[in-house]
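S.K.: In terms of my numbering, the first sequence opens at residue 4 and continues consecutively.
Hints in this document: simulated from the structure, not taken from any laboratory.
Among the hints, a few may not be true.
What the hints assert, rightly or not - Restraint-style ranges between C-beta atoms, simulated for each label pair:
| # | residue 1 | residue 2 | range |
| --- | --- | --- | --- |
| 1 | S103 | A193 | 51 to 57 Å |
| 2 | G223 | S155 | 40 to 46 Å |
| 3 | A93 | G71 | 26 to 32 Å |
| 4 | P197 | A47 | 48 to 54 Å |
| 5 | A89 | L189 | 48 to 54 Å |
| 6 | P124 | A279 | 27 to 33 Å |
| 7 | S254 | A89 | 22 to 28 Å |
| 8 | G246 | A56 | 42 to 48 Å |
| 9 | S132 | R79 | 28 to 34 Å |
| 10 | L189 | P145 | 56 to 62 Å |
| 11 | T275 | H243 | 20 to 26 Å |
Every residue, glycine too, gets a C-beta built ideally from N, C-alpha and C.
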Amino acid sequence: MPELPEVEYVARQLREALVGSRITRTEVFWPRAVSRMSPEELIARLTGRRVLAVGRRAKYLVLTLDSGESVVIHRRMSGNLRLARADEDAPYTRVAFLLSNGRRLLFTDPRKFGRVTVVAPDELPALFSRLGPEPLDADFTPDVLAARLGKSSRAIKVALLDQSVVAGLGNIYADEALFRARIHPLRSAASLTPDEIAALHAGIQEALRTGIEHGGTTFGRHRGLYDEPGSNLEHVQVYHRTGQPCLRCGSPIERIRVAQRSAHFCPQCQLTSEAAAAAL
DNA sequence: CTATAAACCTGCTGGC
DNA sequence: TGCCAGCAGGTTTATA
């Protein structure tokens with residue numbers, strides 16, 4: 004499922020392929036894929052506009068237009084962006100943009116959770132106001148992470164999935180970051196020591212950078228702009244590896260439920276506070 | 001504040 | 001073989 008690395012990878016591909024092109028026609032096949040306005044309004048505000056830039060904030064794709072407005076896309080669970088020929092179609096296409104470069108950009112989404120909208124410049128801050136810091140920005144330091152976690156008693160896994168704490172982590176990279184930092188997913192966020200916070204900060208960045216480098220994690224539906232799968236599943240250390248040996252110590256990876264989500268971890272490398280205390 | 005559940009959706013898997 | 005319950009997980013909203 005698309006998290007920060009999957010969105011960032013496609014943002015880079017889109018930047019290469021799209022900047023400078025004009026949207027000559029917009030088609031909406033699933034009206035509810037358009038949020039905050041009617042499909043007619045979306046079509047009116049997009050059509051004829053030129054794409055000046057492509058960016059990303061958290062798991063949102065942001066296409067800046069020559070009107071000053073931005074197309075904002077969230078892929079949610081199963082959304083993909085795909086660059087096709089002008090006459091080409093693909094299954095589950097919800098919105099399509101015909102481009103002046105002779106291509107057609109398709110937003111496909113089997114599960115229909117993804118959303119597309121247009122945002123005026125002065126509305127963008129409000130749209131993103133509840134998002135925490137970008138974990139790959141230079142100003143995201145261990146101190147920032149510590150401050151964001153605050154005194155929360157929540158399980159650290161739950162806190163990492165909270166987009167207002169850090170923006171862009173989802174289930175895969177939260178598990179990967181915790182493994183790298185050797186922190187058990189059920190540890191209380193407030194219980195982490197400064198050393199553990201520093202390790203978690205590094206783990207978050209490593210996990211995300213590895214994901215981007217390999218085009219994202221494809222075990223389900225994530226695809227790149229040319230329908231190619233990402234290869235990061237080959238580089239994942241705990242996610243989807245239940246029962247397989249830990250790459251560090253050989254213990255079988257375990258899977259538990261945390262806040263209705265799966266959490267994968269090594270029971271030997273990632274000790275709970277109680278287990279760590281008992282070991283002393 | 002924290003926790004939990006439901007809602008939004010459909011494809012895929014595993015059990016019988 | 002065929003059917004179906006349950007799982008997959010990003011986000012918002014409601015409820016306790």
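S.K.: Against this structure, judge whether each hint is valid.
M.R.: These are the hints, each one checked on the structure:
1. S103 - A193: 51 to 57 Å: About 53 Å separates the Cβ atoms of S103 and A193, which means 51 to 57 Å holds.
2. G223 - S155: 40 to 46 Å: violated, 30 Å
3. A93 - G71: 26 to 32 Å: Hint holds: Cβ distance 31 Å, inside 26 to 32 Å.
4. P197 - A47: 48 to 54 Å: Cβ of P197 to Cβ of A47: about 53 Å, so the range 48 to 54 Å holds.
5. A89 - L189: 48 to 54 Å: holds, 52 Å
6. P124 - A279: 27 to 33 Å: Violated, since P124 and A279 (Cβ atoms, about 50 Å apart) do not stay within the stated range.
7. S254 - A89: 22 to 28 Å: Taking Cβ atoms as reference, S254 and A89 lie about 53 Å apart, which means the hint is violated.
8. G246 - A56: 42 to 48 Å: holds, 45 Å
9. S132 - R79: 28 to 34 Å: violated, 20 Å
10. L189 - P145: 56 to 62 Å: violated, 21 Å
11. T275 - H243: 20 to 26 Å: holds, 22 Å
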